[in-house]
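Number of protein chains: 2
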Amino acid sequence: MAPLRSWFPIPPASHFSLANIPFGIISTTANPKPRLGVPIGDHVLDLALFTANNGFARQSTIQPHQHVFSELTLNSFAALGRPVHSVVRKYIQDVFLENTSYPEILKDNAALQKEALVPLKEVTNHLPLEIGDYTDFFVGRNHAYNCGILFRGPENPIAPNYDHLPVGYHGRASSVVVSGTPIRRPFGQIEAEKNNPIQSPCLRLDFEMEMGAFVCKANKMGEPILIDEAEDAIFGLVMMNDWSARDIQFWESTPLGPFNSKNFGTSVSPWVVLIDALEPFAAKGLPNAQQTLPYMQQKNEKNQYDIKLKVDLTSQSGQTATVCKVSATELLFSFPQMVAHHTIGGCPMRVGDLLGSGTISGNEPGSCGCFLESTQGGKVGITLSGGEKRMFLEDGDTVTFSGVCGTEDGGLVGFGECSGTILPALKL
Amino acid sequence: MAPLRSWFPIPPASHFSLANIPFGIISTTANPKPRLGVPIGDHVLDLALFTANNGFARQSTIQPHQHVFSELTLNSFAALGRPVHSVVRKYIQDVFLENTSYPEILKDNAALQKEALVPLKEVTNHLPLEIGDYTDFFVGRNHAYNCGILFRGPENPIAPNYDHLPVGYHGRASSVVVSGTPIRRPFGQIEAEKNNPIQSPCLRLDFEMEMGAFVCKANKMGEPILIDEAEDAIFGLVMMNDWSARDIQFWESTPLGPFNSKNFGTSVSPWVVLIDALEPFAAKGLPNAQQTLPYMQQKNEKNQYDIKLKVDLTSQSGQTATVCKVSATELLFSFPQMVAHHTIGGCPMRVGDLLGSGTISGNEPGSCGCFLESTQGGKVGITLSGGEKRMFLEDGDTVTFSGVCGTEDGGLVGFGECSGTILPALKL
Chain H
-19 MAPLRSWFPI PPASHFSLAN IPFGIISTTA NPKPRLGVPI GDHVLDLALF TANNGFARQS
41 TIQPHQHVFS ELTLNSFAAL GRPVHSVVRK YIQDVFLENT SYPEILKDNA ALQKEALVPL
101 KEVTNHLPLE IGDYTDFFVG RNHAYNCGIL FRGPENPIAP NYDHLPVGYH GRASSVVVSG
161 TPIRRPFGQI EAEKNNPIQS PCLRLDFEME MGAFVCKANK MGEPILIDEA EDAIFGLVMM
221 NDWSARDIQF WESTPLGPFN SKNFGTSVSP WVVLIDALEP FAAKGLPNAQ QTLPYMQQKN
281 EKNQYDIKLK VDLTSQSGQT ATVCKVSATE LLFSFPQMVA HHTIGGCPMR VGDLLGSGTI
341 SGNEPGSCGC FLESTQGGKV GITLSGGEKR MFLEDGDTVT FSGVCGTEDG GLVGFGECSG
401 TILPALKL
Chain D
-19 MAPLRSWFPI PPASHFSLAN IPFGIISTTA NPKPRLGVPI GDHVLDLALF TANNGFARQS
41 TIQPHQHVFS ELTLNSFAAL GRPVHSVVRK YIQDVFLENT SYPEILKDNA ALQKEALVPL
101 KEVTNHLPLE IGDYTDFFVG RNHAYNCGIL FRGPENPIAP NYDHLPVGYH GRASSVVVSG
161 TPIRRPFGQI EAEKNNPIQS PCLRLDFEME MGAFVCKANK MGEPILIDEA EDAIFGLVMM
221 NDWSARDIQF WESTPLGPFN SKNFGTSVSP WVVLIDALEP FAAKGLPNAQ QTLPYMQQKN
281 EKNQYDIKLK VDLTSQSGQT ATVCKVSATE LLFSFPQMVA HHTIGGCPMR VGDLLGSGTI
341 SGNEPGSCGC FLESTQGGKV GITLSGGEKR MFLEDGDTVT FSGVCGTEDG GLVGFGECSG
401 TILPALKL
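Going down the list, the protein sequences come from chains H and D. For the first sequence, the working numbering gives the first residue as -19, with consecutive numbering after it. For the second sequence, the working numbering gives the first residue as -19, with consecutive numbering after it.
Careful, some of the hints might be misleading.
Same chains, same names: a pair is fine if it fits in one copy or spans any two.
[Unchecked claim] Simulated crosslink set (DSBU-like; lysine-lysine; CA at most 35 angstroms straight-line): (1) Lys101 x Lys87; (2) Lys87 x Lys282; (3) Lys87 x Lys305; (4) Lys101 x Lys174; (5) Lys174 x Lys369; (6) Lys174 x Lys282; (7) Lys200 x Lys13; (8) Lys407 x Lys200; (9) Lys87 x Lys174; (10) Lys279 x Lys174; (11) Lys279 x Lys407; (12) Lys305 x Lys200; (13) Lys101 x Lys305; (14) Lys200 x Lys290.
Please keep in mind that the hints were generated in silico from the structure rather than gathered at the bench.
Throw the hints in and build the complete structure from the sequences for me.
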């Protein structure tokens, strides 16, 4: 596929080609009020300014809804629904096309270009949506298998329910933060000797490479979102780091699941990539040996996306390592299936709710989405560029995810980065 | 203790004596806009009207904050902090005292009495606070023990972590509703034969008698609320019915805990009873055989409240039974201890967050806070007044909690009711 050519310079290696058009919340030194922005190459289109300067003058569908572009979060834009997201994305693409239908809007409007196109590096990102509830699933089957061997033993690593439903748990919405926010090493209870806990900083701090999906459709309590409607319930995807305190998790999780081991911070990438932008990269996920029950049967078999994910670690002293490379297809259930399952009992979704996929791991060496797996529970160290070793994360370590679809030839559809640096634990 | 006597008629059996002064969100047919109200006997003081008519003229501390009484939820009032809640409660008490210091405010103001004192039965209640996150703990040790025998076997009913930390899980904020909201029987996956699920309406629908606490203090991510500050983080208490689908729960909960079995509805009583009102009923909770770690050591040993709780069931045909009587002292950890534990790793609390105690059960017959325990997992039926039997809830059943402290002599401090009626499952 030839890339969409633009009058505006877009570096070929940019995650933000015209094929992408993701949405985020930005502020700048000049204007600290958060508002919507769309990254294009190395710049961000300030949608509040673009709107205020009649940027949407040639798109009548959008005009009644223009106020959403000046809001503090993407929630109102998301609530407009996928057909409107499509129209907005296509219009912005057209405005930037070499042969744009609307040259007067931006191509021939140097004053607005100067004002509304802000260098990406001058922009501060904010959490893209206000999250009502956050649910973390566990549908990376290779991860579940590898963890199952560590926690449940090699005879029976996968629980009997696993292939029948997307296993998940309710997470903590208040602790979801945007990429770049530092993460403090949590304090908590860890088992010093068997059944004998102490209060201590976490000694086995880990990352988890996940994809997150934001919900754009609400349902009333008691009324499920059926599988055929569930695709329209997904606004778009982000990368997500579900930071995990393994020693706290190991001690606290019986019988109700992880709690403080997860609620000290979850990072998401700043730009929400719309499902429309991902459709060309749709692919089959992991095969399921079980017949899925009717309420989760999705017509479209290509219900995952071939997003090439990568995790890099940089130590405080600047040593580096790429610690994971994996495709986002390594998942057993899709986000629409998660929505159908989550709501089948009547649980209400709200616009802005966040769903996490669970850790994504492959089967090959170097494809594990967390240290717990790649170090085999802290047994096999990972060596950084200068010889430092890691079993788990040290203070000052920065973990950076990147994710991208497609090729430079066709124009990349990428997620940018999701990063966080570990701060030392407080002294309590 | 002699009751506080009022110039306004307050029936002695009312949960809303002058010793109480709880807060809720009300609307009426005449004024459908939600706003704050305080029940007094059989009436509710409309705080928006009271404020608009200079009701707080004699209380200068409150005046700068008066706008909070016209808001749609209690969040802004809660955020003012416990010292302000105390001032407001005492002032309203004084306004209603027989020998009020401010007779001109209401006692001698028949016009305002007529306008601002609405009969309780004419009032519609709304969810008292907007809930950011909802966490459900499991600190009713008798309940944990009884369930442990059913799920883990009689040798080892209590997990090793149980006495060391308040075990809990993140719940679903979107599904918390106010008393009176109907609860639809959830559809979901249940195990028809071993490891072989079907999609079906829940066949083992249960209630859970809990207390809930609303948080009135926020902390930044990474900065815990220490135990000495945690008492000031609790705004007040409500009764809470954590409706539970036991068959869905049994199948889905390995390894990450309950999910769809809990997120189809959680009911709370409408009036938030302030901690100040409960202090006279402070009592010791269950003894803990383990030494609590320093970060959870609370100076005050009387950290529970002797609230007499009762659960009544009424079938569609009008048959009734009292299915539980228990004191809220049957808990192992206090709400301040839950806050200290919840935030020790840095998890941020927001004003309006809801904490559930977990099911409260005693040791005697008739004191179990759910059917799972009282019917021994569906083995021993409970007989209603007309001979109907229950193992679990049937369609049309109404479950009503009530809870009250003190005696009529001293003036009751009660929670009113928390009720819900089971609607039949949807046909899918």
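Hints versus structure:
{"no.": "1", "hint": "Lys101 x Lys87", "in the structure": "within (22 angstroms within a copy, 65 angstroms between copies)"}
{"no.": "2", "hint": "Lys87 x Lys282", "in the structure": "neither (37 angstroms within a copy, 71 angstroms between copies)"}
{"no.": "3", "hint": "Lys87 x Lys305", "in the structure": "neither (39 angstroms within a copy, 74 angstroms between copies)"}
{"no.": "4", "hint": "Lys101 x Lys174", "in the structure": "neither (49 angstroms within a copy, 56 angstroms between copies)"}
{"no.": "5", "hint": "Lys174 x Lys369", "in the structure": "within (27 angstroms within a copy, 45 angstroms between copies)"}
{"no.": "6", "hint": "Lys174 x Lys282", "in the structure": "between (46 angstroms within a copy, 31 angstroms between copies)"}
{"no.": "7", "hint": "Lys200 x Lys13", "in the structure": "both (33 angstroms within a copy, 21 angstroms between copies)"}
{"no.": "8", "hint": "Lys407 x Lys200", "in the structure": "between (45 angstroms within a copy, 16 angstroms between copies)"}
{"no.": "9", "hint": "Lys87 x Lys174", "in the structure": "neither (68 angstroms within a copy, 65 angstroms between copies)"}
{"no.": "10", "hint": "Lys279 x Lys174", "in the structure": "between (49 angstroms within a copy, 28 angstroms between copies)"}
{"no.": "11", "hint": "Lys279 x Lys407", "in the structure": "between (54 angstroms within a copy, 21 angstroms between copies)"}
{"no.": "12", "hint": "Lys305 x Lys200", "in the structure": "between (40 angstroms within a copy, 34 angstroms between copies)"}
{"no.": "13", "hint": "Lys101 x Lys305", "in the structure": "within (26 angstroms within a copy, 63 angstroms between copies)"}
{"no.": "14", "hint": "Lys200 x Lys290", "in the structure": "between (38 angstroms within a copy, 30 angstroms between copies)"}
Of the numbered hints given earlier, the model fails hints 2, 3, 4 and 9; all others are met.
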